[in-house]
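J.: This is what each chain is made of:
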Amino acid sequence: DARVTQTPRHKVTEMGQEVTMRCQPILGHNTVFWYRQTMMQGLELLAYFRNRAPLDDSGMPKDRFSAEMPDATLATLKIQPSEPRDSAVYFCASGLRGLQHFGDGTRLSIL
Amino acid sequence: GENVGLHLPTLSVQEGDNSIINCAYSNSASDYFIWYKQESGKGPQFIIDIRSNMDKRQGQRVTVLLNKTVKHLSLQIAATQPGDSAVYFCAENRDSGAGSYQLTFGKGTKLSVIP
Numbered sequence: 002d003a004r005v006t007q008t009p010r011h012k013v014t015e016m017g018q019e020v021t022m023r024c025q026p027i028l029g030h031n032t033v034f035w036y037r038q039t040m041m042q043g044l045e046l047l048a049y050f051r052n053r054a055p056l057d058d059s060g061m062p063k064d065r066f067s068a069e070m071p072d073a074t075l076a077t078l079k080i081q082p083s084e085p086r087d088s089a090v091y092f093c094a095s096g097l098r099g100l101q102h103f104g105d106g107t108r109l110s111i112l
Numbered sequence: 535g536e537n538v539g540l541h542l543p544t545l546s547v548q549e550g551d552n553s554i555i556n557c558a559y560s561n562s563a564s565d566y567f568i569w570y571k572q573e574s575g576k577g578p579q580f581i582i583d584i585r586s587n588m589d590k591r592q593g594q595r596v597t598v599l600l601n602k603t604v605k606h607l608s609l610q611i612a613a614t615q616p617g618d619s620a621v622y623f624c625a626e627n628r629d630s631g632a633g634s635y636q637l638t639f640g641k642g643t644k645l646s647v648i649p
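Top line first, the protein sequences correspond to chains V and W. Heads up, the first sequence is in the numbering used here, so the first residue is 2 and it goes up one at a time. Heads up, the second sequence is in the numbering used here, so the first residue is 535 and it goes up one at a time.
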């Protein structure tokens, strides 16, 4: 079965450090989504790409977060500088015609 | 202050019984609905979907019912097994006609299966 692959699976770092999370979408999918999941807020959409173009990043704190798709096989989410409140599980999903398939997430802890 | 997490609705069922998980959606224009299952430490996994031109769809041991009149979606799991224990999310797509494929997720329901 084709899967969305996310790396790293876990990341622990100190506040102020740069964090980069990577996602390999399923080949042939034309949409990519970044979500953040916390106990407090549940699943929140951060950014959304279609055909590698950013369509909506209104859910993302612009001053420290950035999302890119340098090519069709790679999506990245960067946080610089990181803060303790960024601690969460970050999911990438890719999709075609509405159905989204999720990776297993990056569990991020900022100390 | 005290960190209070989401209080997920919880459904406890005996192994072998049927489970019904409910979801209310907000936008009458939504035309595509998906149920996801999320196990601990994993991402949401697709279970079954339904489009608004249908009111019922069946899969293996699962059935989704859509009532557009009251904007209600349900997931029925037959002969519930311990492996079904997870958090279940419904999701709606509000604008697929315009080519937007963003999903809006419900808060989730935790299903616990009692062996």
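Hints were generated in silico from the structure; no laboratory data involved. Quick caveat: nothing in here was measured; it's all calculated off a predicted structure. Each residue gets a CB set at the ideal place from its N, CA and C atoms; glycine is no exception. Some hints could be false.
[Claimed, not checked] Here are a few chain V residues that face chain W, going by a calculated C-beta distance under 8 Å:
1) P71
2) L75
3) F92
4) L100
[To be verified] Sample of chain V residues with no beta-carbon within 12 Å of chain W, all distances over it, derived:
5) R23
6) L28
7) D87
8) R98
9) I111
J.: Give a verdict on every hint.
T.: Do the hints match the structure? See the list:
1. P71: Status violated, d = 22 Å.
2. L75: L75/V check fails; min Cβ-Cβ to chain W is 18 Å, beyond 8 Å.
3. F92: holds (5 Å)
4. L100: Where the cut-off is 8 Å and the nearest Cβ of chain W is about 6 Å from L100/V, the hint holds.
5. R23: At roughly 15 Å from the nearest Cβ of chain W, R23/V sits farther out than 12 Å, so the non-interface label holds.
6. L28: About 17 Å separates L28/V from the closest Cβ of chain W, which puts it past 12 Å; holds.
7. D87: holds (15 Å)
8. R98: violated (7 Å)
9. I111: Consistent with the label, I111/V stays out of reach of chain W, its closest Cβ about 15 Å off (over 12 Å).
In summary, the numbered hints that this structure violates are 1, 2 and 8.
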